[in-house]
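*Asks:* Protein chains in written order, with numbering that gives the first Met the number 0: chain A, 0 to 244; chain B, 0 to 141; chain C, 0 to 265.
Think of the hints as simulated: they come from the structure by calculation, not from any bench.
Ideal Cβ placement from N, Cα and C applies to all residues, glycine included.
Warning: the hint list may mix true and false statements.
Said to hold, decoys possible - Short derived list, chain B residues pointing at chain A, Cβ under 10 Å: (1) Thr-49; (2) Ala-78; (3) Lys-87; (4) Arg-104; (5) Asn-105; (6) Tyr-109.
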Amino acid sequence: MRSRSGNRLTACTTAALSAFLLASGLYSQQTLANESVLARMQGVWMPEPTPDELRTVDGKRPPLTDEAAAIYEERIALRKAGDTSFDRTTWCAGPGMPRILLMPYPFEIISSQDRVAFIHGWYRWFRVVDMAGDAEPDFFYPTTMGFSVGRWEGDTLVIRTVGLSDVTTLDAAGLPHSDEMVLTERLRLLPDGRLENRLTIEDPQFYTSAWEARVTFRRDPNARVGDDVCPDRIAMGEPAVEEWR
Amino acid sequence: MQPSTYKRGALIAALLLPMAWGANAHHSTAEFDYTKTLTIEGVVKEVQWTNPHSYLQVLVSTDDSAEPEQWSIEIGSPAINSRMGWRKDSVKVGDKVSMEIAPARNGTPYGTLRILTKEDGSQLHGVASNVRGERFGGGQAE
Amino acid sequence: MSAYVTKVALAAAALALMHAASAQPPASGDAPSASSSRDLHGMWEPTRFHVLTDAPLNAAGEALVQRNRAAMDSGRIMHTAWTSCRPGAISSMTMPRELIMIMQTPREVVILYEMPRMIRRIELDGTHPNDIEPSYVGHSVGRWEGDTLVVESIGFNGYGELDAHGKPTSTRLRTVERFTKSADGERLDIEITIDDPEYYTEPFTIHRSWRRAEARHQHEYDCMENPRQEDFANAYYVHDRYRPTCMRVQGEGMEPSRMVCRREEQ
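One chain only, chain A, in its complex shape (with noise of 0.2 Å):
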């Protein structure tokens, strides 16, 4: 209906029905907020370059334990002399989280209902997250992936993530950590419209004290997630995960 009066006329619109809808309790003015962040966190999402050695957000290197720092500075130096054979993905394994977000691959944020999905442009690797179950998921085994479940604060979606085995490794250079690691994240949306994670890795068997990490995502038109086949990759003399340019 257009009428001189049309902007008025949607704004009456609009007030009329959220205010039945917020009397009618149905839904919290917090769901629809939610819901919003959630509509604008979607789509496609570029990782920003970030250091082979993942740094603090204080720019310091994670406290390890000397076992820990041990191991690290081992495979630190194998990886100088050009040995990659602690690093799984370099035969195509999975890389499982953190680290498959600090690899310069797209993914896409899917939500549907009660699930969140990450579906990554790296040899067909996803995650969902679980709004709505148990806090303390069920699981078998730890997987590379984990097993995560999410709630909001305000405007932020926290993930918290179990069960992830310890096969992987927390960045490029090889950081380690054990099957009972709680990964959180925080994701924001950001003024400029990048997307910011920030992650606090808790793991007392290589870690002196809980630490966070931070790495932001971009929009890039041109990006695409596709169903990487990895193998394919590799058959070819590419390398299983490029490096940062």
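Chains B and C: place on chain A using the hints.
*Replies:* Relative to the frame of chain A, chains B and C by itself:
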């Protein structure tokens, strides 16, 4: 940790049937002699809880040799074994185990697990637990 | 204006009643409520171990299957797309396994498979582009016919076998899947028509069924994580493409547990 709502029991029977398609017959009859059962005892050197197949590397001492022989024993895969009660840490490095296996045809120290017995007497079944009998022809390595 | 506001209030009431009827919180976009027969969202699992019994192979198809059989009878281990960790979407149709997550937005249905690990995107009311790049998963478009989701897929790359006997597919493969949810919402009945004139005399139809799974989380199948030498000794590859690339060679004298690929086998 036992998932409370796990209802895949119906699949277990199918998976243990010999040569039911893709019933993870694994290296299948081409690889192993299912007419035989060999018993070996040793100490677990490594647990490979991996896909497509999981293995135990076991050091088996023989009387006539100073060096133990390393055996590779296929036990199944995480999806299959977890349904049979295994967890990633059900068997650990250093455990003393006794295993009934179907041995490899080529005579190498390699086989597929029927039953594993731990020092405390508890038992775990392997993917070859119920597979007996003649070769049916080769198969798909799943 | 007051008449207009009345209309709005009535519309809002209708909307509120619709959502009250739904057990679900408001979904992203306009996804249908759980009671809707067109809502396929959720965790599913095959009702049983499905086996492909028959397929109308033509002479060329039969010849390939016989070649596979001969190789296996001679004691070799057959490698297909599945065992080479690059299964085609056709495998997810003929051999569904483990837990399967279906997600649904107004624009697409997304199927997330645990085994084999695969993501299928079905564009609702979409059309196939003219210049499809052939892939393992093909290009899928879906439309509703009543309460049945009809999914048509083309653009397959010819690498994908139907079963453990290596029944072949080609780039001429076209599939139609019809997904219908049962009245009680607990089952998905799927009718799959496979049409590949390269290897089959006519299109043929198979049936699969999935039921609701109560598990909240899928596990995973990391197919390439442990490429042991035993998997590739005495191997027969249905396609050369399925040969492994030796990425983890261990030197002479290494212990067998770490030997994953012997260079001389390449």
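*Asks:* Please list, smallest to largest, the hint numbers that this structure does not respect.
*Replies:* 4, 5, 6
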